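Dock chain B against chain A, hints included.
From first to last, the protein sequence lines stand for chains A and B.
Take 1 as the starting number for the first sequence in the numbering used here and just add one per residue.
Take 226 as the starting number for the second sequence in the numbering used here and just add one per residue.
Just so you know, the hints here were simulated from the structure itself, not pulled from any lab data.
On a predicted model such as this, the values are computed, not experimentally measured, just so you know.
Keep in mind that a hint or two might mislead.
Claimed, not checked - Straight-line C-alpha distance at most 20 Å; calculated DMTMM-like pairs for lysine to aspartate or glutamate:
#1 A/221 <-> B/335
#2 A/49 <-> A/3
#3 A/13 <-> A/3
#4 A/221 <-> B/283
#5 A/222 <-> B/400
#6 A/224 <-> B/328
#7 A/224 <-> B/233
Said to hold, decoys possible - Among the chain A residues that face chain B by a calculated CB cut under 10 Å, a handful are:
#8 6
#9 80
#10 158
#11 168
#12 175
#13 180
#14 185
#15 189
#16 193
#17 201
#18 202
#19 206
#20 207
#21 208
#22 213
#23 214
Using N, Cα and C, we set each Cβ at its ideal position, and we do this for glycine too.
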Amino acid sequence: MPDLGLNVLLKGKNMQRLLSGLWTAMRISLIAVAISMPLGILLGVLMTKKNPVVRAVLRVYLEFIRIMPQMVLLFLVFFGTTGAFGWNLSGELSSIIVFSLWGTAEMSDLVRGALISIPKHQYESSEALGLSRSQTFAYVIIPQTVRRLIPLSINLITRMIKTTSLVLMIGVVEVLKVAQQIIEANRMASPNAAFGIYLTVFLLYFIVCWPISMLARRLEKKWKD
Amino acid sequence: MDWTVIAEYMPLFREAAFLTVRLGLTGIAIAIAVGIACAVVLYYRIPVLKTLVSFYIELSRNTPLLVQLFFIYYGLPKIGISTNPVFCGISGLAFLGGSYMCEAFRSGLEAIPPIQSESAESLGMSRLQVMRYVIFPQALSISVPALMANVIFLMKETSIFSAVSIMDLMFTAKDLIGLYYRTTESLFLLVVFYLIILLPISILGSLLERRLRYAGFGA
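Excised from the complex, chain A in its bound form (with noise of 0.2 Å):
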């Protein structure tokens, strides 16, 4: 039986390689992660505000960035801002950056549904058991607004997780690259490599992915009332 990979991955530090290009593209988005849940609260926060200005301002932000695919936005960043004013940004800051952008104004859109998810009767009847505005959202819709949010958001995460996979088109070196440079050198050896590297990509994505929807699942069925 002709190898399919196996052989070429147990060689060298083929693995380690690997693993470590993984761990490139989990720590783009793991940076993207951090930068965007905060701002992305904020934003969200902003947008249930009245001011005609803000909503409008933000609005067109949000809606740009959800219609673009994440690849256009990528060249936008890495190509355009070259060319337009002659930045010369990193393949990793250009996708840091579009990650950022793109993780804030999913994640103030997700905040923004559940704030106005939370019926007017629960400020109402706060107000009349006498809370004041800041216990009114400290104990009745912050806890009520957090466990909507939190399944969400780790949903979200695995999405960012998954679309670090294009930072190579833009030429970071993560998990595919590595993958193709190790097919690349094996050419001669087993020129059937790419079904076994291949492969295990795909499952390298899907054991770390797998667990965090899992724990999102769990979660909403368990604070689904």
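Just chain B now, kept in the frame of chain A:
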């Protein structure tokens, strides 16, 4: 920004946009079919098939499309399943989209209270009739927002097709940037053409959502 360059590139981008839309719509149509089939399997809890479907859903939802495409395009030919780029792109999109569509339809089906199918059965309808005339129309109207969100999501995902050398919008833009350094013009056209494709879908989605909001019984 040089407008003569833009006029010159326009036909290239128009071709690429047609290709993007064609592949995207084909993939989405297959994904909807796969999604309905999977949702029905899950709804009736058909033994064996149910396990297979849940396995497929987990696998497809927790891996990126780019990795799926690389596996289909470069990996599968090594065990004798050879593919051309277009087939690969469409099947990748259908593989990814099927699970998302399934989730959309399933939540719609589950939102229909059991009394609906019980009443329909007591009226003497067969199981197929119950599904076709009572459950499915209501479930569909509940699923529409999720369905449209998935359509937009999948249309955006087609931008990854350039990785398996399909000459779509991304590929064209990248090519022109690489060949002639016309970065600003290429990126401008790229954004404009994606807006032309995606804005109508997004607007249609919000119109449909408003129109269908009260279609569910008692909702």
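Could you tell me which of the numbered hints above are not met by this structure, giving the numbers in increasing order?
2, 5, 7, 8, 14 and 15
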